[in-house]
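Visitor: Now for the letters of each chain:
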Amino acid sequence: MKLILLFISAAVVNNFVLSYFLGICPFIGVSKKVSSAVSMGMAVTFVMTITAAVTWLIYHLILVPANLEILQYVSFILVISSLVQLVEMFVKKISKPLYDTLGIYLPLITTNCAILGLALFAVLREYNFMESLVYGIGAGAGFSLAIVIMAGIREELELAKVPKPFEGAGITMIVAASLALAFMGFAGLISV
Amino acid sequence: MGLPTFKKGIHPNDNKSFTNHKPIEYLPIPEEVFIPLQQHIGVAGDVLVEKGQEVKTGQVIGKSEKFVSAPVHASITGTVKAVDQFLHPLGIKATMIHIEKTAEEDEWETINAPENWETASIEDLRNLIWQAGIVGLGGAAFPTHVKLAPPKEKEINTFILNGVECEPFLTADHRAMLEMGDKMLIGMSIIMKILGTENGYIGIENNKPDAIEIMNELVSKKFPAFKVVPLKVKYPQGAEKMLIEAIVKRRVPAGGLPMDVGTVVNNVGTALAVANAVVEGKPLIERIVTVTGQGITEPKNLMVRIGTPFKTLMESCGGLKESAIQVYMGGPMMGFAQYDMNVPIVKATSGIICQEKSDIFKKKTYPCIQCGNCVSVCPMNLLPTRLSSFAEMVKLEEAEEFGILNCIECGSCSYVCPSNIPLVQWIRVGKLQVSESKRKKVA
Amino acid sequence: MNLTTKMIVVLTVLTMVAGGLLSYWDGITSPRIEAYRLEQLKQAIAEVLPDHESYDEVKADGMILYIGKNSNDPEPVGLAFEAIGNGFQGKISIMVGISLDFKKINAIKILEQLETPGLGTKIVEDPSNKEDRFWFPNQFKNLITEPQIDVVKNIKPGKPNEIQAITGATISSVAMATILNDGIQKAKSIYQLKVQ
Amino acid sequence: MDFTAIIIAMASLGGLGMIFSVGLSIANKKLHVEEDPRIAEVIEELPGANCGGCGLPGCAAFAEAVIAGEAEISGCPVNSDEGSQLIAEIMGVEVTTSERLIARVICQGGDYETAKKGVYQGVKTCIGATFAGGGDKLCSYGCIGYSDCVESCPFDAMYMNDNGLPVVINDKCTGCGNCVEACPRDIMELHPESHKLFVLCKNLDSPKESRKICTRACVGCGICVRLAGEGNMEMQDNLAVVNYDIYGSDPVLPTEKCPTDVLAILGGQVIEEKQSA
Amino acid sequence: MAKSKTTLRYEFLKGLWDENPILKSLLGLCPVLAVTNSAINGLAMGLATTFVLLSSSIIISSIRNLIPNQVRIPAFIVIIATFVTVADRFLAAFFPLISKDLGPYVPLIVVNCIILGRQEAFSSKNSVFRSIIDSSGMGVGFILVLVALGGFREILGSASLFGVTVLGDWFQPWLVMILPGGAFLGLGIFIGIANWINDRRARA
Amino acid sequence: MEEKTNEQEDQKSGPEGADPSLEKSTAPEKDGEKQEPVKKPETPAAKPKPAPAPKDPRDKLFKPEQTLIISSSPHFHTHDSVPKIMWSVVAALVPATVMAIYYFGMDTLIMIGSCVAAALVTEIIMNKMKGEGLTINDGSAAITGLLLALTLPPSLPISAGVIGSVFSISIGKQIFGGLGYNIFNPALLGRAFLQANFPVAMTTWTYPNTEKYAQIDAVTAATPLAQFKFDKIVANYGDLISGNVGGSLGETSALAVLIGGIFLLIMKYADWRIPVSYLGTVFILGGLFWFFSPGNYPDPVFHLLSGGLMLGALFMATDMVTSPITTAGSWIFGAGAGIVLVIIRLFGGVPEGVMYSILLMNAFTPLINRYTRPKYFGEVRA
Ligand SMILES: Cc1cc2nc3c(=O)[nH]c(=O)nc-3n(C[C@H](O)[C@H](O)[C@H](O)COP(=O)(O)O)c2cc1C
Ligand SMILES: Cc1cc2nc3c(=O)[nH]c(=O)nc-3n(C[C@H](O)[C@H](O)[C@H](O)COP(=O)(O)O)c2cc1C
Ligand SMILES: Cc1cc2nc3c(=O)[nH]c(=O)nc-3n(C[C@H](O)[C@H](O)[C@H](O)COP(=O)(O)O)c2cc1C
Ligand SMILES: Cc1cc2nc3c(=O)[nH]c(=O)nc-3n(C[C@H](O)[C@H](O)[C@H](O)CO)c2cc1C
Ligand code: SF4
Ligand code: SF4
Ligand code: SF4
Ligand code: SF4
Ligand code: FES
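Heads up: the protein sequence lines correspond to chains A, B, C, D, E and F, in order. By the numbering used here, the letter at position 106 of the first sequence is numbered 430, and the numbering carries on one by one without gaps. By the numbering used here, the letter at position 432 of the second sequence is numbered 433, and the numbering carries on one by one without gaps. By the numbering used here, the letter at position 136 of the third sequence is numbered 165, and the numbering carries on one by one without gaps. By the numbering used here, the letter at position 61 of the fourth sequence is numbered 68, and the numbering carries on one by one without gaps. By the numbering used here, the letter at position 103 of the fifth sequence is numbered 105, and the numbering carries on one by one without gaps. By the numbering used here, the letter at position 35 of the sixth sequence is numbered 56, and the numbering carries on one by one without gaps.
Keep in mind that the hints were calculated from the coordinates and are not lab data. Nothing here was measured: the structure is a model prediction, and the numbers come from that model. For every residue, glycine included, the Cβ atom is placed at its ideal position computed from N, Cα and C. One should not assume that every hint holds.
[What the hints assert, rightly or not] Which chain D residues stay away from chain C? Per the calculated CB distances, all over 10 Å, these:
(1) A12
(2) I13
(3) A16
(4) A75
(5) I109
[Said to hold, decoys possible] Here chain A is said to cover these stretches of chain F; the calculated rule only asks that three of the stretch's residues, wherever they fall, bring their Cβ under 8 Å from a Cβ of chain A:
(6) 85-99
(7) 206-219
(8) 387-400
Based on the provided sequences and hints, a complete structural model is requested.
Guide: In structure tokens form, the structure reads like this:
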């Protein structure tokens with residue numbers, strides 16, 4: 325039950341994008357079309373899950389015993405970026421369609437706050453391995469939810485007569501603001 | 002629940018009382034006619050006459066050897082004054098043959114009709130229909146002989162005679178059924194013989210009870226194999242796909258033709274023309290035109306020669322009123338606006354409607370409020386609002402994905418749109434662009 | 030050097046340099062950070078406990094009891110501990126100072142909370158209340174904890190174990206009471222087990 | 008200073024670094040997918056307007072086509088010669104510079120010059136108007152005037168003048184041809200810069216008709232043909248036509264002899280000067 | 003990328019407006035949104051980011067020829083992360099209150115797209131000196147926007163600026179401005195205004 | 022589409038004799054953009070005009086005997102129009118408005134008036150800024166202001182209402198492009214903004230000025246939902262129907278709202294599927310919880326009658342701009358909103374979730390539209 329609540333909390337109530345402002349760059353950049361948003365969402369969820377697992381291991385098996393918490397950021401980011409690059413190369417090699425729908429988004433993700441943020445939050449909140457993993461999946465689902473909704477809205481807005489200065493990023497921010505207001509309805513639903 | 006019909010659609014005021022009680026009048030042979038070479042879907046014919054040449058009524062003056070095409074005939078006896086570009090009622094300049102009347106009485110050049118059509122070969126009959134230049138008189142003007150020559154693998158088992166006339170104002174088909182039902186049914190029998198089918202339906206909307214009654218009577222007397230089907234009054238019941246769904250509950254696949262579901266549909270006027278050609282050897286040189294609307298002094302149903310300028314018809318109806326502000330060819334839902342009354346009647350002209358007031362003129366257009374009215378009436382189950390925005394924003398791929406090419410341009414969506422958006426016009430733009438970009442891709 | 034070796038060497042050297050540098054920096058900064066943390070803790074304890082000179086720490090079950098002492102007084106002046114629980118949005122952690130019999134709260138200090146600004150954050154301070162910005166946490170001063178802390182709404186508390194909820198943030202108010210009630214129970218059992 | 012701590016740190020992070028660099032270098036060998044690096048270089052040099060002027064769905068597609076040898080290096084109408092040169096360097100070949108094309112507006116029938124046939128109501132685009140008789144101008148061949156061409160120009164090289172006619176700003180026009188595609192009446196034409204002489208009309212009506220339709224229509228009087236000389240110009244369907252293969256680049260023609268002023272010698276200047284009066 | 007022609011002056015100034023990392027390139031938005039609930043936080047964040055940006059540019063541009071392309075990104079990131087840790091610890095040790103307010107967003111500078119983006123686009127291709135100019139321009143542009151946005155949100159949301167009350171009692175603070183919604187809203191309006199000004203400038 | 026009338030047409034060709042195009046020969050010079058002509062073009066302005074020539078060369082041109090309208094089919098149109106629909110909605114809100122004034126006094130009228138006025142003024146200002154024609158006549162801005170006012174607590178300061186109204190129209194509607202293009206319901210977005218902005222004022226309720234509450238001297242009241250949520254007190258149905266309870270101005274009387282709503286449904290200005298599925302889902306889902314645990318959860322009828330559900334379901338979820346256009350979409354929209362509502366009401370941190378449930382479904386509407394596109398006639402989908 326705790327894990328389920330943790331998942332919902334990470335995905336909806338404390339949405340990474342809408343309440344923690346993590347991963348805004350891809351949220352703005354890759355939300356023009358629903359199809360690419362879905363791919364991006366999947367890619368992020370995938371990387372988040374790996375990240376949650378790997379960084380937990382590194383932190384608890386290497387850094388804490390050696391009393392090297394100061395290396396947290398460097399080691400996390402090194403591991404994440406290398407892993408992502410490996411996965412990208414692997415995907416590119418084995419399947420062209422998979423690469424086209426997922427792979428091309430992977431390099432973008434390395435420089436995504438949401439991933440590192442996830443790793444740091446998991447450490448900060450002292451999750452155990454399972455919790456950490458669920459948190460990763462939940463956060464990924466939350467990111468996907470936000471970006472897919474945003475992409476749907478932006479596709480619709482293509483047909484709208486948004487004033488010129490607000491086209492693109494401006495209106496996207498306003499929509500994000502509205503989404504954040506709407507998601508406040510879930511405030512207090514779960515406090516994990 | 003009652004009468005059969007199709008899903009969705011609209012109920013505009015039918016306005017048929019202007020002319021539905023007026024018998025067909027024969028318009029005197031006009032002084033001059035302008036006969037466009039292209040009055041049908043398909044290849045335009047080549048001109049067979051020269052300036053100054055004498056022609057007889059029924060003489061072939063333009064034709065092409067291509068299959069999807071129909072010859073055109075002189076509709077009066079006279080002299081060719083010119084072969085030149087004139088304004089076509091579709092708003093374009095087109096090559097027409099201008100003939101001036103020389104004889105008060107027709108001198109006929111008929112086609113060789115067989116003694117008895119019932120024994121004639123199917124090939125001969127079809128050839129006869131081609132020679133007579135018969136095209137669909139229901140509006141699309143598709144050459145009838147092509148329609149009656151389905152590929153072998155498509156077995157045709159149903160024929161539907163389209164007496165729906167769902168467009169408001171028009172009563173030409175209605176009067177034809179009342180006055181010439183007999184001949185029409187002979188035409189229908191001929192068509193069915195060519196198609197080799199046994200099941201014949203006659204679809205008539207319930208707002209023409211007299212036509213239903215007369216047809217029923219004729220059918221029960223002479224053509225017991227046919228079935229008259231009264232239909233619920235709803236626009237666009239007359240569109241082939243809707244009619245087929247209403248009567249035989251078959252759905253023509255997207256991008257397909259009625260023959261894909263073993264059906265052929267023809268207009269009542271077409272059947273009449275077939276009978277004229279096969280029984281009397283008369284090519285298609287005249288048709289019934291409803292001249293109606295508040296803007297004309299005396300609305301009438303007229304039998305007129307093809308090529309007669311609109312002006313002539315209007316004069317015989319007492320002339321256009323001062324107050325008229327819009328004239329269109331065809332019904333108010335699909336008709337084409339006219340600005341020059343010198344344009345000629347073509348084979349597809351079912352009516353001339355003169356309006357004193359316009360529903361859309363000066364009405365403000367608002368942005369789409371997403372009310373979904375258009376979606377809920379589109380008989381083709383499309384999303385007109387999206388199609389029109391896609392066309393406006395030139396998003397051709399989306400437009401195609403959303404099925405823009407399936408729109409039959411019936412106008413139901415524009416009719417109900419509270420924002421008064423010219424949806425159909427945008428959709429037409431989109432259709433054109435989508436098919437162009439498709440063609441480019443193929444090339 | 031071929032590419033592969035170059036890749037390996039560059040990255041290894043880089044990471045080694047980085048590791049060394051950071052570790053050196055760690056040596057400089059962490060004592061300060063630790064000192065600051067202790068300072069904060071001491072200050073919080075000082076705020077919730079009556080005057081004392083030093084405190085002892087008793088650790089058990091993930092909770093630390095700070096027992097405040099004066100050198101000339103054999104009896105401790107009181108007890109402090111950190112109570113943690115769920116608020117409206119996330120964790121609330123409160124430093125509680127309480128009497129040794131666990132019957133009366135001395136004072137509390139909220140260390141961390143994530144409540145909605147302007148609403149739930151009134152548990153810490155209420156800038157719109159001009160007379161007493163700290164009226165809510167001040168209610169806990171000398172609050173009786175038995176049988177338990179209760180919350181009332183929209184009326185002045187009648188009993189010594191009652192506090193008044195914040196308008197528009199009943200949930201946060203109730204959460205505070207719950208966290209305290211639970212924390213006190215836990216601290217009490219630890220105290221009884223370990224100290225007495 | 009605690010040196011052991013520093014050494015441990017260096018060793019652990021260095022170790023991590025080594026592991027991943029080894030992993031990456033192996034992956035780099037084993038999983039490498041060949042892709043022509045020149046594609047990226049070519050994309051760098053392209054203007055990135057994604058206008059489709061090259062006939063391909065975008066700059067990236069054009070780059071791929073260039074590399075594959077399927078497209079001309081100078082095939083991007085927007086790119087500067089310098090840019091093409093850079094691409095050529097990447098490809099290692101010489102560029103053939105083609106003559107610059109400029110879009111011309113072949114109609115002078117603005118709101119002021121043409122007869123009106125009625126009141127148009129509906130979609131205010133040229134192509135939309137073709138579904139309703141072609142707007143409110145009587146001429147069936149001339150500019151409809153609802154600015155489809157202007158909208159289609161990706162380089163802001165066109166505008167509508169007060170007279171309801173499009174105008175090309177020569178310096179900005181890249182000859183991409185979008186406007187030519189957009190115009191349902193084929194009023195926009197692409198011409199090499201060297202074409203100087205133009206008959207700015209498309210009306211094929213008989214002289215009698217065209218006189219009634221527009222004050223600036225070619226009425227087919229044939230004066231220009233006679234002046235220009237046989238073969239250099241001719242009359243086709245009531246319209247004078249310049250034979251650009253042999254004429255029109257350096258014409259010495261008294262254009263003012265044209266009774267309706269449709270004959271024009273256009274240098275690099277904006278056509279508007281010719282059209283607005 | 004033949005940028006060599008541009009003047010140094012432009013190299014610096016472009017970061018302030020023409021290529022402002024936030025308003026134009028829309029990079030590094032997370033910290034922008036997360037920490038701008040007050041002007042002082044914005045300033046601190048801006049300074050920290052600029053520090054990291056500047057120092058890593060120096061290092062990367064000086065060793066740019068040594069790093070093989072394939073490990074470019076991991077190498078850059080390690081360098082950046084090192085400086086981030088330095089900055090983070092510095093704040094924690096010397097400015098604990100600000101460090102607490104900025105929370106986990108300081109470490110997130112590591113993945114701030116601006117920093118990596120500048121390294122990729124500029125430092126790895128240009129000399130140390132040019133990189134310094136470029137980074138300082140970008141950094142100043144970043145700080146300016148952060149402080150402006152922070153100030154805007156602080157005034158509306160807390161009726162104060164840099165912690166000093168500026169609006170009187172009559173003003174009921176707009177709490178939404180210090181909530182997530184307000185962050186997005188504020189940035190959206192900023193971007194809109196920036197574009198509007200640009201449009202005007204382009205037309206003039 | 023700008024309309025063109027005959028008069029305008031005439032004006033366009035200018036006053037008799039004057040040659041408008043002469044001025045145009047000095048058309049805006051764009052520096053550097055024009056090259057010098059190879060040979061100076063002969064413009065007629067420079068050409069000596071033949072002296073007795075007709076004043077206007079166009080005199081020779083064809084003039085139609087009767088100016089006819091050229092438009093594309095169809096030429097028929099319904100008599101519905103956007104303003105007609107919008108003003109009908111305003112009319113349908115009259116009962117609820119009257120009840121609000123009855124229960125909460127004349128201050129209510131001021132609040133409603135200020136909100137509507139603020140909405141209209143903002144609309145005008147935005148129109149001007151965007152350089153477009155005024156759009157207040159279409160009535161949609163008035164609805165937004167009115168609906169916003171009806172969802173506010175009676176004791177809210179007028180200034181807050183005005184701020185919300187301005188936000189609704191500017192950010193909620195006009196920045197998206199104006200009528201028809203907004204993604205979120207403007208009135209609700211305005212309310213959500215206020216809720217986040219002034220959380221205390223937005224959750225402070227007063228009792229209606231009726232006898233029942235005359236003796237109670239509490240300044241602040243609790244809404245029936247809050248009473249249930251925090252104290253498990255169920256209000257009586259009679260009060261809920263008539264509106265004799267604490268709550269937002271226009272939401273307390275379920276009956277008044279229902280009357281207006283039914284009028285809209287009959288006129289087909291609102292899609293009946295949305296209220297039916299919304300209310301139905303709440304009834305069923307709420308009922309299930311109640312059935313299994315009546316002590317913890319309120320009964321379904323209470324769900325329907327309390328809070329802003331009626332107002333939301335009939336007037337706000339049905340806003341056509343922000344709800345799906347497909348029929349399947351409407352069902353999903355209503356059901357989704359119902360589920361979200363029940364979750365928030367039963368488990369959320371806030372007592373009422375109508376606003377949030379509708380806003381959330383607004384966000385999903387584009388996706389719903391996308392995935393519920395009906396199969397077009399004869400379509401075969403892979
Ligand atoms: C390009 C084209 C090809 C057609 N081919 C056939 C055909 O082979 N057989 C046939 O029976 N009808 C054919 N039709 C005619 C259609 O079935 C139909 O009668 C025509 O499109 C007009 O129908 P409508 O008035 O309902 O639009 C064709 C129509 C078009 C446009
Ligand atoms: C919207 C719409 C309405 C139509 N209404 C009629 C009608 O009322 N009567 C009719 O005969 N044909 C009508 N048609 C044409 C028919 O679809 C079909 O083309 C015709 O019945 C075929 O017969 P024909 O080839 O003899 O013309 C309509 C077509 C469309 C698209
Ligand atoms: C955006 C938002 C934020 C909220 N934040 C809090 C909060 O921090 N603490 C809290 O107790 N309730 C919070 N609430 C819950 C409501 O205010 C709830 O109505 C209140 O707790 C009930 O208290 P009352 O009975 O005094 O009105 C929030 C509600 C909303 C809409
Ligand atoms: C049935 C119906 C319900 C409406 N509900 C709302 C509403 O809840 N909020 C609102 O701002 N406008 C509402 N409007 C008005 C209008 O649709 C709204 O202002 C648009 O969303 C603005 O683009 C409604 C209109 C209709 C016809
Ligand atoms: S979209 Fe086409 S088929 Fe559908 S209603 Fe409109 S015109 Fe008719
Ligand atoms: S009927 Fe008109 S307003 Fe309604 S959805 Fe369709 S296009 Fe939009
Ligand atoms: S004027 Fe025409 S050819 Fe020239 S740039 Fe514009 S669209 Fe291209
Ligand atoms: S030139 Fe063609 S596209 Fe341009 S306004 Fe004229 S008709 Fe329209
Ligand atoms: S700063 Fe780019 S994703 Fe966060």
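Visitor: Of the hints given before, which are not true for this structure?
Guide: 1, 2, 3, 6
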